[in-house]
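Q: Given only the sequences and the hints, what does the whole structure look like? Please build it.
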Amino acid sequence: MPFIANTDADRDAMLAAVGLERIEDLFRDVPEQHRYATLDLPEPLSELEVLREVSALADENDHLGELASFLGAGAYRHFVPSVVDFLAGRSEFYSAYTPYQPEVSQGTLQAIFEYQSMVAALTGMDAANASHYDGATATAEAVIMALNSATGNRPGGKGPRKRVVLSPALNPQYREVVHTYTQGMGLDIVGGDLIDHDFHTLLELVDEDTACVVVQNPDFLGQLHSAAEMQDLADAVHAAGALLAVSVDPISLGMFTPPGEYGVDIVMGEGQSLGNALNFGGPYLGFFAMRTADVRKSAGRIAGETVDVDGQTGYVLTLSTREQHIRRGRATSNICTNQALMALRACIYLAAMGKHGLRSVAEQCYHKAQYAATRISMIPGYQIVGEKPFFKEFVVRCPAPVHVIKDYLLMEWGIVAGYDLVDDYPELGECLLLCVTEMNTRQEIDDLVEALASVAEMVEDMELELVRELEDVR
Amino acid sequence: MAYKFDATARYAESHDWARVEGDVVVCGISDYAQHALSDVVFIELPSAGKTVTKGDVYSTVESVKAAEQVYAPVSGEIVAVNDDLESTPELINEDPYGAAWIIKVKPSDPGQFDELMDAAAYETFLSEHE
Amino acid sequence: MIEPTVYDLSSPGRHGPLLPVLDVPEAPLPDGYLREDLLLPELSELDTVRHFVRLSQRNMGIDTNFYPLGSCTMKYNPKVNEKAAGLAGFTDLHPLQDAEMTQGAMQLLLELQVYLAEISGFDAVTLQPAAGAQGELTGVLMMRKYQLDRGETQRTKILVPDSAHGTNPATTTMSGLQVVELPSSPRGNLDLEALKANLDDTVVGLMLTNPNTLGLFEERILEITQLVHEAGGLVYGDGANMNAIVGVVKPADLGIDVMHFNLHKTFSTPHGGGGPGAGPVGVVAKLAPFLPGPVVSVEHIPDDFDDEEEHVHFDEDGDDFRLIWHMPSKSIGRVRSYYGNFGVLVRAYTYIRMHGAPGLRRIAENAVLNANYLKARLQQEASYPVAFGDRICMHEFVAQGILEGAPDIHTMDIAKRLMDYGFHPPTVYFPLIVREALMIEPTETESKATLDAFADAMIQIAREAREEPELLKDAPHSAPVKRLDEVRAARQMILCRC
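Chains as they are written, first to last, in the numbering used here: chain A, 1 to 474; chain B, 1 to 130; chain C, 1 to 498.
Honestly, I wouldn't trust all of these hints.
What the hints assert, rightly or not - Some but not every residue of chain B turned toward chain C, in silico, with C-beta under 8 Å:
# : residue
1 : V41
2 : F42
3 : V64
Said to hold, decoys possible - Quick partial rundown of chain C residues pointing at chain B, CB under 7 Å, derived from the structure:
# : residue
4 : L222
5 : E486
6 : A490
7 : R491
Said to hold, decoys possible - Capping the alpha-carbon separation at 25 Å, the derived lysine-lysine pairs in PhoX-like fashion look like this:
#  : chain 1 : residue 1 : chain 2 : residue 2
8  : C       : K286      : C       : K157
9  : B       : K65       : C       : K473
10 : C       : K145      : A       : K162
Treat the hints as calculated values from the structure; they're not laboratory data. Since the structure is predicted, the reported quantities are computational estimates derived from the model, not experimental observations. Glycine included, every Cβ here is placed at the ideal spot set by N, Cα and C.
A: Shown next as structure tokens:
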């Protein structure tokens, strides 16, 4: 095995030093009847062979590098500058672990500190932590932090607040994860199944038992809420003594009002867009930003600036007393390992793209999405759903079942059309969530429009047989 | 290790001290407790007006390595909280029996104070348990 | 030399990579939605490159130094793993593409589920949890739901040994259950009498790390699991220390009901400066319906189906099948988005395929031999006490920074001095039940020569501790910074450059 350095001679010498005869003697505490159980695994492979096998599996996938894609819904294709792979690929970064020994981990620690700084700047918040697993778990941790933070606010000493209000336009997977994480806490989680997405309807659910309200901006259906609208929501939530948490698309913050400016208490979301590949769903990172007052109630690692004995600036993990390794059963979260390498990628991405680059990414997404929506809205049979401005995603009501359209576009046009909303939001009807980023060329958008138009023509020409046939094939 | 004691205070096994001042009982943590914690960086304070029962956790004191709970040595209503500790938690290291008092309690059962150890008994307790 | 931050390096007007010129007409920007300023740095590409390369040089990693961080299994991460995970067929795959388009990735997941089940002896595996701690949460939530499903609503306690990682009690609390801490025995294992005294019908189960954080295998593991089962409880296995026993014993054979794997430990995926990890969970059959989803499963295709269809597989019997996503019937729900840290799973898959059964066994054997050899040298030649040092340890052991003739020297001083000798320090002050703990885990990928160099340094440091203690007190001398003021960091709370 190439990964074990010791030779047989080394092993003999080491066994002798330990005072044992055979390697097997090392395992004498393992119950004998279960020792050396047979493992039915494929034969070992050389590096060359394993690469062949794994490449064959990779080749079996129809990946987005080869197709025009308008699929987003929480995971996005954005441009990743070459420096990100190159720098994050330095094994001094990726072969290190959690910077428990700060003097020999300054690279990791300073990168975390810079990541925290840029996330705070992007969101307009006071502080950020070193990352959660993904946007969904960051949302669950936001809820748990709010439960701890809002407890003291409840009038009349009636004990902890137990209600959590989730917007129906919060990513459905995030809502699911909030339910999973808190299933033992006896909470009353409401709002997720509202048909009406208006904030006023959501606010009707907020009572004196409410610890927090969680919304998304732009929401899962792409709709943007203005700073004024968000401020009104924050004021109403605060009046009830609850916290407001907002999940945001970090790329959108390249141009839109940072949540810190509209009174939000917690800003979190999926950070994958910041320099990370799609990776079939992971590893991603959850970013998490907050107000100074809540930092000590928050979960996850945080780096802080300090000095060494000579007065030189350096960085350490700080406020660790919040965490499981110190607070054990009294910790509010069990998180230990986070997504540091993904946060490093986000850090490098934000530094490389910088102030101007991120703005141009955001603006290109915006203009291309508006262009696509405008053109699609002109095709008879299609309708853009929603009245509000949108960023890079929007909903299109279609003249035929979405899965039929998706299959047709993939097979005939090589286009990955988008996300079928019928399972998550059946009340919307046949609706497709489309995503347009700076990665989509005008040609791709024009092709999409042409493809959708040809669907409309088929429907118009009563070529429904074809539609049905396509449905049968499926 | 020689620890400091306040001869006028009484002590609980959880290393909390209590001292009668007029009609209130002043509470804090002992010199031993602050030594065990090392440099205190943060204290979570209760709010005045809250009622505590003897043995309740009313505060948490944190160093960089530990987060220790602080227990009420007597029952009663919290009538004052030492807000100075919020900005200068290091007072707990510097003057645990003086400037670093944590709360003042109006006791509901004055007899509870007498049940606590006096300084000599606490010193013996420490030497037996260290 | 300090390295300036990205903000210090920023220079107005500089910029990094450019995008193509916008190829669609500009749309009007909405009023009342836009931000005024964006306080991100302005750097040239070379600024960015030099900064992060220099930062990387201020780190120790496995690729630069011996890194015997106990309980973290800092083994070498084979480079082929990176190549495999970097294939475009994986990196450019969107998690919400239709299953027909992602059959290769799903097959990899299915195979990994099968391999991990085989290695551990469990009946079913979920790959979704993103890290060990999330695996614990998954497992404990499943144990809770299993007991509720049986109507055992009075079961609300989880027993946790005092030597456990902090994640065990923290997970218990997060799951809405109560922690009952059990003491360790004089042999460094779980105190069986204490276990018996606490086993009643209020117990959901026991969380057990085996080998435990002292590096010791539970000598009476079969009795322990039997006792818990007789009391109607379940046994959770914390798989953090699987590197000691992989290929040697299957945890399920020992009576463990549910266990998480740390793929970033046992299965060599890079630790990434603190993550990503992956914490798949294996379970016995009765817990399988409670697994988080979706999991990959096989759907057999009827004979009359059109065989020309793409992405149809044939199993050993020649029957057609395809892979689908499946939500277990009594699932605790989704624990994160999508299917897990897929890129990490690809690395672990690659590693397992390269090793096969004989290779995995050699991992455990060499990891345990390396630990025992290092322990013997430190005990014999450097007079470091080792907790329960008369026993054979597994993949790690806990030495103590207590040296005769050097009363003012503490574990932290020894740890910092090791940096000057070019070694990353071991885990310090854990487990909590050992005074001045130095938890040392060499892993199987280190050579005897490296272990000898480390032992020599420890011996030399013991001598310095007695003769020149200030060398230790002022250490490190050669790191990028000297000892840092953690108290100041916690009091001042400078958490960002804003």
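Q: Hints numbered earlier in the text: which of these fail when held up against the supplied structure?
A: 4
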